[in-house]
Amino acid sequence: MSDIMLSLRQATKLYAGVPAIDGVDFDLRRGEIHALVGENGAGKSTLTKVMAGVVTLTSGAMMVDGTDVAPRTPLEARNLGIAMVFQENSLVPTMTVAQNLFLGQEKFYNRLRGIYISAQQFLQSLNFDVTPTATVSGLGAAKKQMVEIARAVLHRAKVIIFDEPTASLTPEEKKYFFDLVRDLKKRGVSIVFISHALEEALLLADRITVLRDGKHVVTDDAAKFDRAAIIQAMVGRDLSNTLYGTRKSTVRPAGARVLTVQNLKMAPMVKNNSLSVFAGQITGVFGLVGAGRTETFKIVSGVLKRDFFHGGEILLHDKPVRYRVPAPAVKAGIAYVTEDRKVEGFFETSSIARNIYLGLLSKFPKGRMMLSRRETETVGKTWIEKLRVRAIGDHGKVVELSGGNQQKVVIAKSLVQEPDLIIFDEPTRGVDVGAIVEIHELVNQLADEGKAVVVISSYLPEIMALSDRILVSRQGKVVEEFSALDATEERIMYAAIH
Amino acid sequence: MKRIRFNQQEIVFAVFALLFLLFSIFLRGFLSSDNMLTLLQNVSVLGILGLAMAIVVIGRGIDISLIAALAVPPGLVLQMVQNGHSLPASLLTAVLLTVAFGLVNGWLIAYAEVPSLFATLATGLLLAGLGQAALFQLDVVQWSPGMDGFERLGQGTILGIPTSIVMFAIACIVVAFLLRQTRWGAYIYAIGDNPYAARVTGIPSRPIIVLQYVVAALIGCFAGLVMAASVNSMPTRIFNSTLIYDVILVVVLGGIGLSGGRGGVLNIVIGTLLIGTMLNGMTIMDISYAGQNLIKGVVLLLAVITDSFLNPRNEETAQQGDI
Numbered sequence: 307m308s309d310i311m312l313s314l315r316q317a318t319k320l321y322a323g324v325p326a327i328d329g330v331d332f333d334l335r336r337g338e339i340h341a342l343v344g345e346n347g348a349g350k351s352t353l354t355k356v357m358a359g360v361v362t363l364t365s366g367a368m369m370v371d372g373t374d375v376a377p378r379t380p381l382e383a384r385n386l387g388i389a390m391v392f393q394e395n396s397l398v399p400t401m402t403v404a405q406n407l408f409l410g411q412e413k414f415y416n417r418l419r420g421i422y423i424s425a426q427q428f429l430q431s432l433n434f435d436v437t438p439t440a441t442v443s444g445l446g447a448a449k450k451q452m453v454e455i456a457r458a459v460l461h462r463a464k465v466i467i468f469d470e471p472t473a474s475l476t477p478e479e480k481k482y483f484f485d486l487v488r489d490l491k492k493r494g495v496s497i498v499f500i501s502h503a504l505e506e507a508l509l510l511a512d513r514i515t516v517l518r519d520g521k522h523v524v525t526d527d528a529a530k531f532d533r534a535a536i537i538q539a540m541v542g543r544d545l546s547n548t549l550y551g552t553r554k555s556t557v558r559p560a561g562a563r564v565l566t567v568q569n570l571k572m573a574p575m576v577k578n579n580s581l582s583v584f585a586g587q588i589t590g591v592f593g594l595v596g597a598g599r600t601e602t603f604k605i606v607s608g609v610l611k612r613d614f615f616h617g618g619e620i621l622l623h624d625k626p627v628r629y630r631v632p633a634p635a636v637k638a639g640i641a642y643v644t645e646d647r648k649v650e651g652f653f654e655t656s657s658i659a660r661n662i663y664l665g666l667l668s669k670f671p672k673g674r675m676m677l678s679r680r681e682t683e684t685v686g687k688t689w690i691e692k693l694r695v696r697a698i699g700d701h702g703k704v705v706e707l708s709g710g711n712q713q714k715v716v717i718a719k720s721l722v723q724e725p726d727l728i729i730f731d732e733p734t735r736g737v738d739v740g741a742i743v744e745i746h747e748l749v750n751q752l753a754d755e756g757k758a759v760v761v762i763s764s765y766l767p768e769i770m771a772l773s774d775r776i777l778v779s780r781q782g783k784v785v786e787e788f789s790a791l792d793a794t795e796e797r798i799m800y801a802a803i804h
Numbered sequence: 255m256k257r258i259r260f261n262q263q264e265i266v267f268a269v270f271a272l273l274f275l276l277f278s279i280f281l282r283g284f285l286s287s288d289n290m291l292t293l294l295q296n297v298s299v300l301g302i303l304g305l306a307m308a309i310v311v312i313g314r315g316i317d318i319s320l321i322a323a324l325a326v327p328p329g330l331v332l333q334m335v336q337n338g339h340s341l342p343a344s345l346l347t348a349v350l351l352t353v354a355f356g357l358v359n360g361w362l363i364a365y366a367e368v369p370s371l372f373a374t375l376a377t378g379l380l381l382a383g384l385g386q387a388a389l390f391q392l393d394v395v396q397w398s399p400g401m402d403g404f405e406r407l408g409q410g411t412i413l414g415i416p417t418s419i420v421m422f423a424i425a426c427i428v429v430a431f432l433l434r435q436t437r438w439g440a441y442i443y444a445i446g447d448n449p450y451a452a453r454v455t456g457i458p459s460r461p462i463i464v465l466q467y468v469v470a471a472l473i474g475c476f477a478g479l480v481m482a483a484s485v486n487s488m489p490t491r492i493f494n495s496t497l498i499y500d501v502i503l504v505v506v507l508g509g510i511g512l513s514g515g516r517g518g519v520l521n522i523v524i525g526t527l528l529i530g531t532m533l534n535g536m537t538i539m540d541i542s543y544a545g546q547n548l549i550k551g552v553v554l555l556l557a558v559i560t561d562s563f564l565n566p567r568n569e570e571t572a573q574q575g576d577i
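One line per chain: the protein sequences are A and B, in this order.
All the letters of the first sequence, read from the start, carry residue numbers 307 to 804 under the working numbering.
All the letters of the second sequence, read from the start, carry residue numbers 255 to 577 under the working numbering.
Hints were generated in silico from the structure; no laboratory data involved.
Note that the structure is predicted; figures quoted are calculated from it, not measured.
The reader is advised that the hints may include incorrect statements.
Said to hold, decoys possible - A few chain B residues facing chain A, derived, Cβ under 10 Å: (1) Thr-436; (2) Gly-446; (3) Asp-447; (4) Pro-449; (5) Arg-453; (6) Val-454; (7) Pro-458; (8) Lys-550.
Claimed, not checked - The calculated SDA-like cross-link candidates involving lysine to any residue, where the alpha carbons are at most 20 Å apart (straight line), are: (9) Lys-648(A) / Arg-516(B); (10) Lys-648(A) / Leu-432(B); (11) Lys-672(A) / Leu-432(B); (12) Lys-703(A) / Leu-564(B); (13) Lys-648(A) / Gly-709(A).
For each residue, glycine too, the CB sits at the ideal point set by N, CA and C.
Using the sequences plus the hints, can you model the full thing?
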């Protein structure tokens, strides 16, 4: 038996030609706890999904116990002894714990009493305090996780992969989880876990691997790292070489205060969040996944439904506002450019011009009861030229465009509404390189024109290149504010990681 | 792709032409002027209902309660006149009832967020039940002398064209104007295309959804008035018939995708012609009611399957690129 349980060699996965992981080598030893850390988009999730058979490699090799394997489905990976515990758990909420444990392995005659007894014995052998007859939807996050782990052990998993296992746990539950993981290790199980919480990685892991931009940076014993060293490895990219250009040497001064958010609450994502946005400058909002940035600004622009709104105050131009739907927010001059343009960005069966015209109609309906073909065409033409949308004729449909051009149409649809406050949520996600530069130019131009611009981004170079003022969000609220002049990648990342 | 692509409208129209030709040759009496008149009359009520359904289907909904709107308010008009009220007052009451009904539908779907299929299934039953229990004295509400003159809405000809066809044409023009020329029409297409994007863009989605169901109910009521005028009575039991399936058949066959945002009045006209010809031919061939239902069921199933291939309703549509 070799010492290496699972390994990846030159693992590469391309999504539409863009590498999510790029030539990564990874070794998992038998019975070790291995932490994966890195920024959003560093490739951690992709790497674990490859191991778990959720995605297949574009090129490269994977070995389990020294033999070449290529699991194509989670089931195949499970048969190889690899189990993954996902962030959103994969239990059936209406079934009981025991039913979930034996899901997919039921005998033809599925006697409930029988599986309750086996489940009880099995859970006791693991020392898990979960009632097998309890319905899963009634369990807390920690207990659900226990069920998932129990299921993995039941499937004789030799490798268990956790994606952000502690994100939804309370401190006591976390402590219990750590004990659990150490116990699994004693049983000879190898553990891989993704974490944004560096302290946890340092505390729990035997070894740590740092990924950056889809590439392997370093793997070493946890004892040889400290917090600063990990952050250095996570962000240590050569900024001058990226297309985002050099960092700012001057910042725009703050104009009038346009937006004030005070003690905004929305369980479970936004916790007492307070922030301000000023005219004539770009406010960058950085944070890791789950920091509540998108949710906060979706509340501001009325996109999130009111049932999620739990308290706090929003002031627009120093007047309290509370939008239950986006329409009045749009009328008041707020534009939200979504992070998910495929779902809530554009109208796919309509032409580019019609998309933009619809933006105009919904902001300025007065005197436009009848549609005007001529106005549709002029509006379309103006904005296609202004944003340099590359399309075959103005009547092309938006689905036929590239990601960058689609994004430009979504932006045009908002800009035609002449907003004072523009919120860009991940403005260059899934956008080709050329369009990134153009979209950044546009964002800068808007701030120069005196608009209040918010850029939400999980990508540090983007935040550094665009922002005049940087807000760092962590666990549902803004925790630190920097001027772009004295922010460094290390300081921002330090604030963003709990 | 090199393959020549017919669009659904052309295919359906070709099928209609073929069917019409075959029926003309092989079915005796199909081309007779009497039969043509019946065909056109049946078709026009179906077509008007199809227009009402088209509006909500384009907005990514469905309105199963249309037949109740067809039967109950016009039945109320006949009943009230029979009871001695004046025609204008009766009409006004019926219109108010229809608007209220549409508002209830719209509120349930837009604000209470009940899926349109279930909401309208329930409200349709409610309205029909209300009519039978509280409003009508007989299942077939009879014509009374006070209604005289009103039958011209469904009988006779205008400039040589049967009046019911003229009514269908008027309804077509009104709906086409609403959908293609007005801001509200643009909003309906936008909501049907992508309701989330419509919301974020600032389109007043919920009021527009309510508007769809009010307009649909009003058009349904109009269809009922035309029908009552052409047969000189209101058989309120029509609610229990399979008419609603014919309407859905018209919409889906005509090429208005159930996934919303696609199609228009032309699709309804073509769909109506095909279904009308088919139903008429089957009647002449003396196919039993059960047999007709069987055939309609199969055609509807095929149409729905084809529709879900042509217009898939999920996010992947956005990634397919070339449709």
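Right, here's what the structure says about each hint:
no., hint, verdict
1, Thr-436, "6 Å, holds"
2, Gly-446, "9 Å, holds"
3, Asp-447, "4 Å, holds"
4, Pro-449, "9 Å, holds"
5, Arg-453, "6 Å, holds"
6, Val-454, "5 Å, holds"
7, Pro-458, "5 Å, holds"
8, Lys-550, "29 Å, violated"
9, Lys-648(A) / Arg-516(B), "18 Å, holds"
10, Lys-648(A) / Leu-432(B), "28 Å, violated"
11, Lys-672(A) / Leu-432(B), "17 Å, holds"
12, Lys-703(A) / Leu-564(B), "17 Å, holds"
13, Lys-648(A) / Gly-709(A), "10 Å, holds"
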